[in-house]
Amino acid sequence: MFRTPRAGHTSHQTSGDSVLTVSQLARQARIVIEEHLGSVMVEGELSNFRRPGSGHWYFTLKDADAQIRCAMFAGRNRLVRIAATDGMQVRVSGTVSLYEPRGDFQLIVDRMETAGEGALRAAFEALKARLGAEGLFDEARKRPLPAHPHHLTVISSPSGAALSDVLHVIERRFPGLKVLLIPTAVQGDAAARQIIGALDRAGKMSTDVVLLTRGGGSLEDLWVFNLEAVARAVAACPHPVVSAIGHQTDFTITDFVADVRAPTPSAAAELITPTREDLGRTLSGLFARLSRHFGQEIRFLRQSLLGLDRRLIDPASQIAQRMVFADELERRLARACRATIGSRRVRLAGGARSLALLDPARLIGTHRRALASVSAGLSRQLRSEIAERRLSLAGNARALAGVSPLATLDRGYAVLTRTTPQTTTISTLTSVHEATPGDRLRALLADGSLDVTVTGRDTTPPLTAPDVEDER
Numbered sequence: 218m219f220r221t222p223r224a225g226h227t228s229h230q231t232s233g234d235s236v237l238t239v240s241q242l243a244r245q246a247r248i249v250i251e252e253h254l255g256s257v258m259v260e261g262e263l264s265n266f267r268r269p270g271s272g273h274w275y276f277t278l279k280d281a282d283a284q285i286r287c288a289m290f291a292g293r294n295r296l297v298r299i300a301a302t303d304g305m306q307v308r309v310s311g312t313v314s315l316y317e318p319r320g321d322f323q324l325i326v327d328r329m330e331t332a333g334e335g336a337l338r339a340a341f342e343a344l345k346a347r348l349g350a351e352g353l354f355d356e357a358r359k360r361p362l363p364a365h366p367h368h369l370t371v372i373s374s375p376s377g378a379a380l381s382d383v384l385h386v387i388e389r390r391f392p393g394l395k396v397l398l399i400p401t402a403v404q405g406d407a408a409a410r411q412i413i414g415a416l417d418r419a420g421k422m423s424t425d426v427v428l429l430t431r432g433g434g435s436l437e438d439l440w441v442f443n444l445e446a447v448a449r450a451v452a453a454c455p456h457p458v459v460s461a462i463g464h465q466t467d468f469t470i471t472d473f474v475a476d477v478r479a480p481t482p483s484a485a486a487e488l489i490t491p492t493r494e495d496l497g498r499t500l501s502g503l504f505a506r507l508s509r510h511f512g513q514e515i516r517f518l519r520q521s522l523l524g525l526d527r528r529l530i531d532p533a534s535q536i537a538q539r540m541v542f543a544d545e546l547e548r549r550l551a552r553a554c555r556a557t558i559g560s561r562r563v564r565l566a567g568g569a570r571s572l573a574l575l576d577p578a579r580l581i582g583t584h585r586r587a588l589a590s591v592s593a594g595l596s597r598q599l600r601s602e603i604a605e606r607r608l609s610l611a612g613n614a615r616a617l618a619g620v621s622p623l624a625t626l627d628r629g630y631a632v633l634t635r636t637t638p639q640t641t642t643i644s645t646l647t648s649v650h651e652a653t654p655g656d657r658l659r660a661l662l663a664d665g666s667l668d669v670t671v672t673g674r675d676t677t678p679p680l681t682a683p684d685v686e687d688e689r
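To convert, take the position in the sequence shown, counting from 1, and add 217; that gives my numbering.
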């Protein structure tokens, strides 16, 4: 849609003598375009759609005969509910302008939606699929309606035919039902906010059922009941919700989320309210059940009473029986006491005997005698062991004397030793080759030692032992 120039507006003109720069011309052209066209709504096909890193959208809107460049900035395109792609038929609203640096005629877009009813259908199916995937349509989460409601809350337009139909059916079927109306708009910009507020208010009330209803209309008329916020408010209501929107062929998102969907407002009222005949049948059934229950209870009590009557005995006879029983208990108690005393006496005597066996004086004497016997045996064994060790020691001494070098020294032999000054080690000489003239040695004899000096050495072998014995 384009607006005609305002009356009396004079266009910008230049005289033949004035010369404009390109920037001045572009600026004046932009001003003229914006003042004469302003905000417009345009429908066309998307093409050349671009989404750069800045988040802005740049695209071309065209039809069979013309095209125009468009820009939609990030702050506005975040509100678009459709997935914009090339080839999509859309309806946009915005401001016509001119991009001065290039002199391009363009449209600055503020809003975008799919053109025609197809856009609403696409949005309906998209929201339906998303909420269904979340489980908001599952039968498991839906609540049954009460069989005999006492309080009904209706959310609808007070002037609509839907409310009249509902009240007429209730008056005919169940006039005792208390009905509270929360008036709301059912289409238009304020409808969603009012319906959500009414559902929140109904949720805080003491009511049995909530009825959300309106009459028929076009898809656009019923669109408020296809909004996500309204659907979530219905799902969040703590009371069972009946949705009766439009005619039987009309389906909204609210119908899928509600606990019960009614094809019409009148049908909703019939679903909620029982008839007088239904109440009569229910009361008759309850009366029959109560009669059966109390009949069984009376028969049981009568039988119990008869049993008690048969067991009832004369108090004097019962007291006599109790006295006999008490005497019998006394005799049994006396026998039990005597038996217990006798048993305890036997146990006491046995304990005394055991205690006598454990007398400390007797135990000490026994242990002393055992200790004396052990001590005597130990003394005998020790003396025998000492004698054997003495005999063994004497034998060992004789054997040691037989091999002792001291016996050899007693026969006139000597042992020559030498002390090394550096290590103070004493070594025994066994050969004449181990000494040289001038060496100082020590000769060990049987009764002492002599310090000797070597003056010479003779390597002639000594006489053999038999020769020495012959000389002796």
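It is possible that some hints are incorrect.
30 Å max Cα-Cα, derived BS3-like pairs, lysine-lysine [stated by the list, open to error]: (1) K359 - K345; (2) K395 - K421; (3) K345 - K421; (4) K395 - K359; (5) K279 - K359.
What the hints contain is simulated information worked out from the structure, not anything from laboratory work.
Is the hinted pair K395 and K421 satisfied, with a Cα-Cα distance of at most 30 Å? Cα-Cα ~17 Å, so holds.
Is the Cα-Cα distance between K359 and K345 30 Å or less? 17 Å, holds
Measure nothing beyond the straight line between the CA atoms of K345 and K421; if it is 30 Å or shorter, mark the hint as holding. 28 Å, holds
Hinted pair, alpha-carbon criterion (30 Å max): K279, K359. Please report holds or violated. Cα-Cα ~48 Å, so violated.
Check whether the Cα positions of K395 and K359 lie no farther apart than 30 Å. Measuring from Cα to Cα gives roughly 24 Å; hence the hint holds.
When the structure is compared with the earlier hints, a violation turns up for hint 5 alone.
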